[in-house]
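Novice: Here are the chains, one letter per residue:
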Amino acid sequence: MTAEPAVMSDRPGESSRSTPKVRFLESDLFRSFRRSPAAILAFGLAIVFIVLALAAPYITQQNPYDPASYDIMVSNLPPAWMAGGEREFLLGTDDQGRSLLALILYGLRISMFVGVLSIALAMSFGTVFGLVSGFLGGWVDVVMMRIADIQLSFPPILVALLIDGIARAALPAGQRETLGLAVLVFAIAVSKWVLFARTVRSSVMVEKRKEYVDAARLMFRHPAAVMFRHILPNTIGPLMVLATINFAMAILTEATLSFLGAGVPPTTPSLGTLIKIGNDYLFSGVWWITIFPGITLILLVFAFNMLGDWLRDALNPRLQ
Amino acid sequence: MNGPTKPLLQVHDLYKAFPLSSGISLMPGRAKGPTVKAVNGVSFEVDRGQALSLVGESGCGKSTVAKLVTGLHRPDAGYVSINGTNVTELSGRRQLRPFGRRLQMVFQDPFASLNPRWRVGEIIAEPIHAFSLAASRADVSRRVEELLIQVGLSTADAGKYPHEFSGGQRQRISIARALASEPEFLVCDEPTSALDVSVQAQILNLLKDLQDRLGLGLLFISHNLAVVYHVSDLIGIMYLGRLVEFGRADEIFAQPQHPYTRLLLDTIPDLEMRGRSRAPISGEVPNPISPPDGCVFNPRCPLARDVCRTELPPMVTMPSGTSTACHAVANRWGTSEAH
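Going down the list, the protein sequences come from chains L and Z.
The working numbering numbers the first residue of the first sequence as 1 and each following residue consecutively.
The working numbering numbers the first residue of the second sequence as 1 and each following residue consecutively.
Just so you know, these hints were derived from the structure itself, not from any lab.
Don't take each hint at face value.
Covered, in the sense of this in silico footprint (three residues per stretch, anywhere, with C-beta under 8 Å from a C-beta of chain L), are these stretches of chain Z [what the hints assert, rightly or not]:
#: 1; segment: 104 to 115
#: 2; segment: 127 to 134
#: 3; segment: 293 to 299
To give an idea of the chain Z side of the interface with chain L (calculated C-beta under 10 Å), a few residues [unchecked claim]:
#: 4; residue: PRO34
#: 5; residue: THR35
#: 6; residue: LYS37
#: 7; residue: THR70
#: 8; residue: GLY71
#: 9; residue: LEU72
#: 10; residue: ARG74
#: 11; residue: TRP118
#: 12; residue: ILE123
#: 13; residue: SER174
#: 14; residue: ASP189
#: 15; residue: ARG305
#: 16; residue: ARG309
In this text, a Cβ means the ideal position worked out from N, Cα and C, and glycines have one as well.
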């Protein structure tokens, strides 16, 4: 690996052409990353959470979805280092005897899954919406942006509660559990897409006046090609910032909705449902059911917020 | 007007005004608000292998003329014809595409005219793809390499991104892209104004060289008369949306007629210090929203008389072949030649 760049530069024709790896290592973004301890910490934390979520079945033997793997006789055990704690349950157990560590790991999975999916949905819809609105301009832009304004005037939680309520009323009882997650993802996406649409639109308004767009127009390229191949790649920077920060916000919204009982079904462990379950026991001295998922949530949101903050500064040419 | 051979580019009596309020009025048939008359009746012809430079201060409408010629703007009145075909009447990508291929543009800002996310090779290949000019991938890359060499870059540059190049090199990339569709006519909108003086000459020489070699027609937009002198066969001087003087470059430099042209020439630094008295232009370009009555140059003109403040001077062609729109000049010639 270390010899590779040297070999590349020895080739005559290839000498000035940089490989993708070298280009990344020499990029401003990577340099700014190396100089920022907060970014490295946040990135490390985010990686840890992603690995924990993906590797959950390999870290713990207990599966919270399988009632046979846990025992109600060991319910409400305190963490292992406290009197009465057992080594098998490092962070204690909940009211049904489920290992809190296993719950948190599987809860991370659900929370991050909802976060990724809802942001992906919000980003793709918002991006296309903003791209079309900003590119076409005129009346189309006015109408589309007023639609976005109306959407934005509803608080995200209210929108999510509304969609959840409608879904609950409309769906038969059996499907509620299975579609609960889909409804949650949809609800968060609906409350977030306007942010993406507005950001993309403002970038498009700037980009479309640049001369490279005129050059493409002089080649009589299809407007869709101008939009997606020329303009869209130049709006990616602010989009990535928005996606990172809103990923954290989406996880928070998921937790809020689950805490309010409108999100993930109570039988499914997510960080929100865990905090909710623990909340019922908080004043009886069983603090660990709420506190550990709470700390996890704080760290998770903190990591992605920091990452988004750093990305925003790093991609802002005025701060360089 | 309709001679046996049609001029490569003919611009006839172009008008273009921009509305001042960019907002959208709620009325469907919107009331005409105040407008900026950017181009006010501009006509000229350019033939194969000829280079015309349009010169004027900023805001005189020269860039708008470039955009009208290329079709980036549609004129309010008048037309542009290429090889005798009225392009302004055409609409739709299908009809316009064949003419787009023949007429390409080099832009002013080398930092905004190249998509920062595209490799140079992709940028130059885009017209080749857009106009379906190559049969295979190998043909495309061969053509791209050819173009890169033609503009003085190396074939290895195709794999780089625009930010790896200097302003002058970027302008070369821009020229390579413009040449990729084998155009007959090149519109250059201030291609050197964003460059260092030392690089300006290189780009100008490259353009002149390519024009000679490929027999291109050239429309060169500039605010600097000194810059265009070496490039142009014809020069048009624009002021406030109108052509005030038009003629052969050598004639205009030797015998500038219009007072504005003379003032512009006086602003060119003269290293030889020939001691010619200078009359720097005083005042500023009037507001194009409400241009002065009569001759638009009258508030700044040292020769302005009463007639200049009321009547718009017509273009008068002098024996030298230069046309000038100036009452004072017309009077001088009118006395010796019957009007």
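Novice: Work down the list of hints and note, for each, if the structure agrees.
Specialist: Hint check:
1. Given as covered by chain L, the segment 104 to 115 of chain Z passes the check, having 9 residues with a CB less than 8 Å from a CB of that chain where 3 are the minimum.
2. Coverage of the segment 127 to 134 of chain Z by chain L holds. Counting CB-CB distances below 8 Å, 3 residues qualify, and the rule asks for three or more.
3. With a threshold of 8 Å between beta carbons, the proposed coverage of the segment 293 to 299 of chain Z by chain L is violated, since 0 of its residues qualify and at least three are required.
4. Interface hint at Z/PRO34: violated, since its Cβ lies 20 Å from the closest Cβ of chain L, which is beyond the 10 Å cut-off.
5. Among the interface hints, the one on Z/THR35 is violated; its C-beta lies about 18 Å from the nearest C-beta in chain L, farther than the 10 Å criterion.
6. The beta carbon of Z/LYS37 comes no nearer than 22 Å to any beta carbon in chain L, farther than 10 Å, and the hint placing it at the interface is violated.
7. Because the beta carbon of Z/THR70 sits about 6 Å from the nearest beta carbon in chain L, less than 10 Å, this interface hint is met.
8. Because the smallest distance between the Cβ of Z/GLY71 and any Cβ of chain L comes to about 8 Å, under 10 Å, the interface hint for this residue holds.
9. Look at Z/LEU72: its Cβ gets to within about 6 Å of chain L, closer than 10 Å, so that hint holds up.
10. Violation of the interface hint for Z/ARG74 is found here, the shortest Cβ-Cβ separation to chain L being roughly 12 Å, above the 10 Å cut-off.
11. At a threshold of 10 Å, the smallest CB-CB gap from Z/TRP118 to chain L is about 8 Å, leaving the interface hint in force.
12. Given hint, Z/ILE123 at the interface with chain L, holds; its Cβ is 8 Å from that chain's nearest Cβ, closer than 10 Å.
13. Annotation: interface hint on Z/SER174 holds; nearest CB of chain L at approximately 8 Å, less than 10 Å.
14. Look at Z/ASP189: its Cβ gets to within about 9 Å of chain L, closer than 10 Å, so that hint holds up.
15. Proximity of Z/ARG305 to chain L is violated relative to the hint, the smallest CB-CB distance being about 43 Å (cut-off 10 Å).
16. This hint is violated: Z/ARG309 has a C-beta 38 Å from the nearest C-beta of chain L, more than the 10 Å allowed.
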